[in-house]
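K.L.:
The chain contents come next:
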Amino acid sequence: MIRIGLDAQEKQAEIDQYLPKHDINKIFAFYPDQFPLTINAGVEVEHIRYADIIEYKFFYRLLEVIDNRTLLVFNECLRTQNRSDLTYNCAHHYCNQTPHKAVFEYLPFIEQNADFMILLDFLNKGKYKGKSFDYQFLSDEDVKVKSIDFNLILIDYPATAVDTKKYEAKKDQLFKNIGNADPDTIPRQLHVWVGNLKKKLIHSPHMCARYVARNDRFKMPNVATYKGIVPGDYIVIDFPHRRIDFNDFLKITSIKNIRFINSGLKVDLYYIDELNRWIERLGEFYAKASIYQ
Amino acid sequence: MSSTLKQVYINKTVIDATRERISYVFDEFENIIVSVSGGKDSTVLAHIVLQEAHRRGRKVGIFFLDEEVVYDSTIKQVEYLMEMYPENTTKLWLQVEFNLTNATSLTENYLKCWEKGKHKIWMRSKKAFAIQQKPWDEAKETIRNKDVGLDFYAVLDNFENSRENTAFLVGLRATESPNRWRAVSKNPGYKNVFWCTGKKHGNCAFYPLYDWNFHDIWKYIYDSQLRYSKIYDYMYKKGMGIQEIRVSSLIHEKSFKALVELPEFEPDTYNKLLKRVKGVSVGNLYGKDSKMLKVSKLPKNFRTWIEYRDFLLATYPDDEKREIFAKRFSNHLENRYVARQQCRQLVLNDIENNLPIDNKPDPRELTLQKWRELL
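Protein chains in written order, with our numbering: chain E, 1 to 293; chain A, 1 to 375.
In short, the hints are calculated from the structure, not lab data. There could be a bad hint or two in this list.
Here are the simulated DSS-like cross-link-like pairs (lysine-lysine), alpha carbons at most 27 angstroms apart as the crow flies [said to hold, decoys possible]: (1) K166/E x K219/E; (2) K170/E x K297/A; (3) K12/A x K101/E; (4) K176/E x K370/A; (5) K26/E x K288/A; (6) K300/A x K176/E; (7) K12/A x K129/E; (8) K146/A x K254/A; (9) K238/A x K288/A; (10) K127/E x K12/A; (11) K170/E x K300/A; (12) K321/A x K257/A; (13) K57/E x K219/A; (14) K131/E x K254/A; (15) K125/E x K219/A; (16) K125/E x K186/A; (17) K199/A x K186/A; (18) K238/A x K57/E.
Derived CB-CB ranges, DEER-like [said to hold, decoys possible]: (19) K57/E x K291/A: 34 to 40 angstroms; (20) D245/E x K146/A: 51 to 57 angstroms; (21) K176/E x K360/A: 22 to 28 angstroms; (22) K321/A x F175/E: 36 to 42 angstroms; (23) N96/E x M240/A: 24 to 30 angstroms; (24) D233/A x K127/E: 56 to 62 angstroms; (25) R277/E x D289/A: 37 to 43 angstroms; (26) D172/E x K321/A: 39 to 45 angstroms; (27) Q112/E x N145/A: 29 to 35 angstroms; (28) N96/E x E20/A: 19 to 25 angstroms.
Ideal Cβ positions, reconstructed from N, Cα and C, are used throughout, including at glycine.
Excised from the complex, chain E in its bound form (with noise of 0.2 angstroms):
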């Protein structure tokens, strides 16, 4: 089964429902670092971390022990794009040796529907292999989907004439610096500069909120980086350059109403145009799976 949006008591209930209904002996769960899910049943359980799946102290020690009795969770597995992965590879030999597999994920793709085929793969690789998505395979397996509906809510601080100009001077210098590094370094290295311009409303008296920025260059109490996040609200100051790094932060905050401190400056704009696109992308999805599930 794929169950994509559930919490973690949601979850423990979908294990629960599906335990007495099969004949399992044993459950092997396993989570990145970030996403540890504790699961309680009345067999065996054994938690393994997502960075394990490759190693040859797990991967032989699995193969042997993994039969038709065997439950496999993925809990929050969805973490590369990358189709052909290692890890993925490694799981889908799990999957191979038993036909009980649960895959939880909090979001269905990391950037675009063609991500669902990895949740797919798990459940049944040699059928998957080598196809694209398709709304259709959503109605050919057990597959549940709760929607989330995103909303990107603007703080609008422009930047003034004197800042605007400074933005313009930046950029040139940024292109004509670039030498032989990567040229996408631009976008995010202009994003941190203008995320600095946001300082002053940060300070403002009125703003008590959280906040969250790419990194802990304001070394403010109230501002946080994506890597230490807790559940709660945030205000966006910048936003991470890897998707899944947001996606995360969405996870861990639970946040719907993503609200971002527009500076109203180039690169701000192509970031919330490119979340905005993401969000539309999701709408898509679960308004398509609800037809198909």
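Take the given structure of chain E and dock chain A to it, following the hints.
P.N.:
Using the frame of chain E, we list chain A on its own:
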């Protein structure tokens, strides 16, 4: 990639399928030779073939082309394979003089392995039972590249050509690289067999392990309790990635990185190699250095890869070989992307063009253009 190259799972294990393939080769060919390198794949192949030979009471050749500068563990592994079923094995351990590319030295581009007159500094003595003279007619000897002379592949060609109606079994696997995938699956090389390449004089190269995955190989070794080169354990313990964990020669342009760990893994082999080949310490120190032999980062003295390439070309110590590079590069596009690859060829003495250049417009320029428009 065309749909004919897709993997399709069937209800049969790769072991059973391979045993059937090998049985087919035994039915079709009187003469069978297994090429071994001392690596994991050829270990598995030799074992399955020797089991079949034993079952049928037949003999097969176990062929090892000894490059001299190899891990001691490789030698021990080949000895093990040749002693596994001695009554069914014809030992074909070839120790003849030929040229090996030396990627680690700009002054000694080639190592003549087993060079006559240098037996005192050979890595090891020759085996008494080894084939020590070229087993082919020297008048008919062929080479692939006149700039290089008799090299590893030319020796293989000549050895194969010295045989007739022989099946050469090779432990090549499709998943190792797209080129190998194509080689083992595109065209039938013998009758209707796709996992095969037709050769001269009725010879054929068969790839019975062509559909095995990395893990199939290790599972077979584990289940069959086979010995394997200790280098794999060293590399695994060192935390090297799957693509890096391989046993090959120690000095050519695709394997010199092994020199970085060699003193840790096999200190005696490293000591002997230092005396035997020029540039080994360079390979040891800089084999994985991004600004040196890896050629992935531009040294700070240069502003662009083009500038660095021009410097390397202008200061290349061998005039004759510089001309080979200059002529080759004159057919390439002039951009940083191509120039970086040209630098790699120059740094690693790739006269044979074994590290081919992806000759296309610089993708970086397109990305920069995109960001200029968006930001």
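K.L.:
Which hints, by number, does the structure contradict?
P.N.:
5, 14, 24, 27
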